[in-house]
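Using the sequences and the hints, build the whole thing.
Every number in my numbering is 1 more than the matching position in the sequence shown, counting from 1.
Computed list of lysine to any residue pairs in SDA-like fashion (alpha-carbon distance at most 25 Å, straight line):
| id | residue 1 | residue 2 |
| --- | --- | --- |
| 1 | K28 | W39 |
| 2 | K50 | W15 |
| 3 | K50 | A31 |
| 4 | K51 | M13 |
| 5 | K28 | P46 |
| 6 | K28 | G41 |
| 7 | K28 | I48 |
| 8 | K51 | P29 |
| 9 | K50 | L23 |
| 10 | K51 | P24 |
| 11 | K51 | V9 |
| 12 | K28 | T56 |
| 13 | K51 | I14 |
| 14 | K51 | W63 |
| 15 | K50 | L12 |
| 16 | K51 | T64 |
| 17 | K51 | W15 |
| 18 | K28 | V58 |
| 19 | K50 | M13 |
| 20 | K51 | L62 |
| 21 | K50 | T64 |
| 22 | K50 | L19 |
| 23 | K51 | L12 |
| 24 | K51 | G7 |
| 25 | K51 | Y67 |
| 26 | K28 | P43 |
| 27 | K51 | I25 |
| 28 | K28 | W15 |
| 29 | K51 | I61 |
Quick list of simulated restraints, FRET-style, between CB atoms:
| id | residue 1 | residue 2 | range |
| --- | --- | --- | --- |
| 30 | S76 | G7 | 11 to 21 Å |
| 31 | H32 | F77 | 48 to 58 Å |
| 32 | W4 | G26 | 32 to 42 Å |
Hints listed in this document are in silico derivations from the structure and should not be mistaken for laboratory results. Nothing here was measured: the structure is a model prediction, and the numbers come from that model. Glycine residues also receive a C-beta, built at the ideal position from the N, C-alpha and C atoms.
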Amino acid sequence: MNWFTGIVLFLMIWWIALFAVLPIGTKPVAHADDKSGWRGAPERPRIMKKVIVTTVVASILWTGSYLLITSDLISFRHGMFAESDD
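Rendered as structure tokens:
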């Protein structure tokens, strides 16, 4: 895996992990708007904390992905997943 592929893979994993982390710990506004009844965004979204957690989770998943891709455990060139030459 070259550096460009590694960065793209990290960004894809980070983006997916962000949407998994965003709802954790959020609580809606206690009192809805009088006119519309809409509660809107959470009172304390803690975005920086979630960005840091997302980065840590994405780093762990990227490291596992990198080790799996660079190993010969799964290969499309030889072994069980290879196209047969019959």
